[in-house]
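**Student:** Here are the chains, one letter per residue:
There are 2 protein chains.
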Amino acid sequence: MTYHILKYTDSSLPDYLINEVKKRGEYSEKKDLNADELKKAYEKTDILLVSGGTKITKEVYEKFKNVKMIADFGVGYDGIDVNEAIKRNIFISHTPNVLNDDVANTAVALLINVTRQMIEAHKFIERKDWEKGSVMPLGVSLTGLKVGIAGLGRIGKAIAARLEAFKCDIAYFAHSKKDVSYKFFTSLKDMTSWCDALIIAMPSTKETFHCINEEILEKLGPDGFLVNIARGALVDTDALIKALDNKTIAGAGLDVFEHEPTVPQALFNRPNVVLTPHIGSATTYTRMEMAKLVLANIDAFIAGKNLVTKVPGTRDA
Amino acid sequence: MTYHILKYTDSSLPDYLINEVKKRGEYSEKKDLNADELKKAYEKTDILLVSGGTKITKEVYEKFKNVKMIADFGVGYDGIDVNEAIKRNIFISHTPNVLNDDVANTAVALLINVTRQMIEAHKFIERKDWEKGSVMPLGVSLTGLKVGIAGLGRIGKAIAARLEAFKCDIAYFAHSKKDVSYKFFTSLKDMTSWCDALIIAMPSTKETFHCINEEILEKLGPDGFLVNIARGALVDTDALIKALDNKTIAGAGLDVFEHEPTVPQALFNRPNVVLTPHIGSATTYTRMEMAKLVLANIDAFIAGKNLVTKVPGTRDA
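Quick mapping for you: the protein sequence lines, in order, are chains A and B. Using the numbering used here, you'd call the opening residue of the first sequence number 1 and step up by one each time. Using the numbering used here, you'd call the opening residue of the second sequence number 318 and step up by one each time.
This is chain A alone, in the form it adopts within the complex:
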């Protein structure tokens, strides 16, 4: 049979992936389809190619009556109604592990950039402030810094491994104790009171929505830094902006936002805020590894085998 594969995400995917997918069936992209073509696509699409944030709600499933597999280019699948997929017997794959290193590298980059004011330092030179004799305020050392990691999954562990080399004092918040020597907190609030920097590395779910709220930001305190490389929905953006305005916290490094690609202008041009456009996994090497894993999953589906990396709880062959 000929598989009909539809790219249903607006995000950019590697050319390699697109070219390989085309060899596996009839390929089209949602953005290229007019209303008529989209209607046809609803009927015949077998495989949906999505990325982390793509919304696959009950209404979307209703439209795509023949979808048998959702291939997610990314580790997070917060946009996908997984229970509905289970009910409908749909396969879902994602791309865990291969992106751990680069996402963790991004988290460390944001932490050091915000504590050491690297972006502001760069702007300071380009404004010629240094040449004119201005002195930058001193930064905060990563060495000895108390860092709390919210969520010690694959990515959280990779972040911790790097921070060990910087001689940080590391703690984590999780539901259960892991086999690591870091300080363990069962309360996010308690860990936030303890730490100088809070790194968010949890999945985005209904339960974790806006878990970084006004109260947590107050616990983080005027010397505390927030880093988010997970999902924008975990942080109450309005509360964060207020906390920055009121100096409730010292600064923030953010790779993810509530309404990507829109970033609230209230976060711009602050010397203590570092913003990056969801580039956690955005290296040539890692994106290629993710592409290969998406293909391996599609090939497993086509061959009638178990997926290589299925979303937990979803069906096998």
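You may find that some hints are simply not true.
[To be verified] Here are the simulated distance ranges between beta carbons:
id: 1; chain 1: A; residue 1: Asp190; chain 2: B; residue 2: Met605; range: 27 to 33 Å
id: 2; chain 1: B; residue 1: Lys500; chain 2: A; residue 2: His210; range: 44 to 50 Å
id: 3; chain 1: B; residue 1: Glu481; chain 2: A; residue 2: Phe184; range: 21 to 27 Å
id: 4; chain 1: A; residue 1: Lys183; chain 2: B; residue 2: Ile335; range: 36 to 42 Å
id: 5; chain 1: B; residue 1: Lys372; chain 2: A; residue 2: Met288; range: 47 to 53 Å
id: 6; chain 1: A; residue 1: Tyr16; chain 2: B; residue 2: Pro539; range: 19 to 25 Å
id: 7; chain 1: B; residue 1: Asp540; chain 2: A; residue 2: Asp179; range: 47 to 53 Å
id: 8; chain 1: A; residue 1: Ser187; chain 2: B; residue 2: Glu481; range: 29 to 35 Å
id: 9; chain 1: B; residue 1: Tyr333; chain 2: A; residue 2: Asn246; range: 25 to 31 Å
id: 10; chain 1: A; residue 1: Asp10; chain 2: B; residue 2: Pro539; range: 49 to 55 Å
id: 11; chain 1: B; residue 1: Tyr333; chain 2: A; residue 2: Asp10; range: 51 to 57 Å
id: 12; chain 1: A; residue 1: Ser11; chain 2: B; residue 2: Pro539; range: 27 to 33 Å
[Said to hold, decoys possible] Residues of chain B clear of chain A, computed beta-carbon distances all greater than 12 Å:
id: 13; residue: Lys382
id: 14; residue: Asp507
id: 15; residue: Thr554
Think of the hints as simulated: they come from the structure by calculation, not from any bench. Ideal Cβ positions, reconstructed from N, Cα and C, are used throughout, including at glycine.
Chain B: place on chain A using the hints.
**Tutor:** For chain B alone, kept in the frame of chain A given last:
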């Protein structure tokens, strides 16, 4: 006796250090003195308070006839004519070790910022390019990157320890093999041909002046990154600018410059260049540790004891 202590550097020093120095003698700052006062200072100064780059040449020694000690706030002493101090039986202290961690942290920050385009990513958001649908080019992963460290002293080793956690492939260039497992090169040229990123962590001397020249930059190549946290004089700036213009190298992260605080405007506004104003050790914690070490050395001198951290080769009590 009353010691006359003169701050002879233009750099900003911690208030704590200044206040403590004032308790140890009569204190003045060069920048506050008129010609007459400076003339008097030449005659009576016992202790010169300087920082890394401060030029203490033969001519300066000629003027300060009574100087007995030079206290350097920093680890580098490339501005000081050490041989002349030895001839004149002058004590010189510097502040090694206490700044290793933060300078190494800065090196890693520059490397990840330039390979992952973090500054450009921040500007990309503030220009609203992301919101408008633009896509940033992919970055280069630190994981698996071949990094060559030129100079494996205290700071070079601290850099390597951090890069191990990022799973970099590490090599070093030094005159003699060290007790480490990293790849060892006796030729800077050979190491540069091998590596994807070259980090300069050598002292600045007559021999290392402009050791990063046109030839080395060509060996680094169009996929190669340069990071300098040591001294501006190690890099031929004109050759570097040419290499950036011609895409001979992929990018550069620079914390030090040939004519600080002036930075050539030709280095500004390049998406592949990260600039910071010599902030290697610029954290509250480390600057305090450096201040304490300067004071410990001044106190040792006053007490007639050996300095705590004298510049190698200089006199003991």
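**Student:** State for each hint whether it applies.
**Tutor:** Hint check results:
Distance hint check: the CB atoms of aspartate 190 (chain A) and methionine 605 (chain B) are about 29 Å apart, consistent with the given range 27 to 33 Å. Taking the beta carbon of each, lysine 500 (chain B) and histidine 210 (chain A) are about 48 Å apart, inside 44 to 50 Å as hinted. Checked against the given bound of 21 to 27 Å, the beta carbons of glutamate 481 (chain B) and phenylalanine 184 (chain A), roughly 25 Å apart, stay inside it. About 38 Å separates the C-beta atoms of lysine 183 (chain A) and isoleucine 335 (chain B), a value consistent with the hinted range of 36 to 42 Å.
As the Cβ distance of lysine 372 (chain B) to methionine 288 (chain A) is approximately 51 Å, the hint placing it in 47 to 53 Å holds. The hint said 19 to 25 Å for the Cβ distance between tyrosine 16 (chain A) and proline 539 (chain B), and at roughly 21 Å that hint holds. Between aspartate 540 (chain B) and aspartate 179 (chain A) the CB atoms are about 39 Å apart, so this pair departs from the stated range of 47 to 53 Å. In this structure the hint that serine 187 (chain A) and glutamate 481 (chain B) lie 29 to 35 Å apart at CB holds, the actual value being about 33 Å.
Under the hint 25 to 31 Å, the C-beta atoms of tyrosine 333 (chain B) and asparagine 246 (chain A), about 29 Å apart, fit the expected range. Here the CB-CB span from aspartate 10 (chain A) to proline 539 (chain B) is close to 32 Å, at odds with the stated 49 to 55 Å. For tyrosine 333 (chain B) paired with aspartate 10 (chain A), a C-beta distance near 54 Å keeps the hint of 51 to 57 Å intact. Distance hint check: the CB atoms of serine 11 (chain A) and proline 539 (chain B) are about 28 Å apart, consistent with the given range 27 to 33 Å.
Against chain A, the non-interface label of lysine 382 (chain B) holds: every CB pair exceeds 12 Å, the least being about 31 Å. No beta-carbon of chain A comes within 12 Å of the beta-carbon of aspartate 507 (chain B); the shortest separation is about 25 Å. Against chain A, the non-interface label of threonine 554 (chain B) holds: every CB pair exceeds 12 Å, the least being about 14 Å.
Of the numbered hints stated above, those contradicted by the structure are hints 7 and 10, listed in ascending order.
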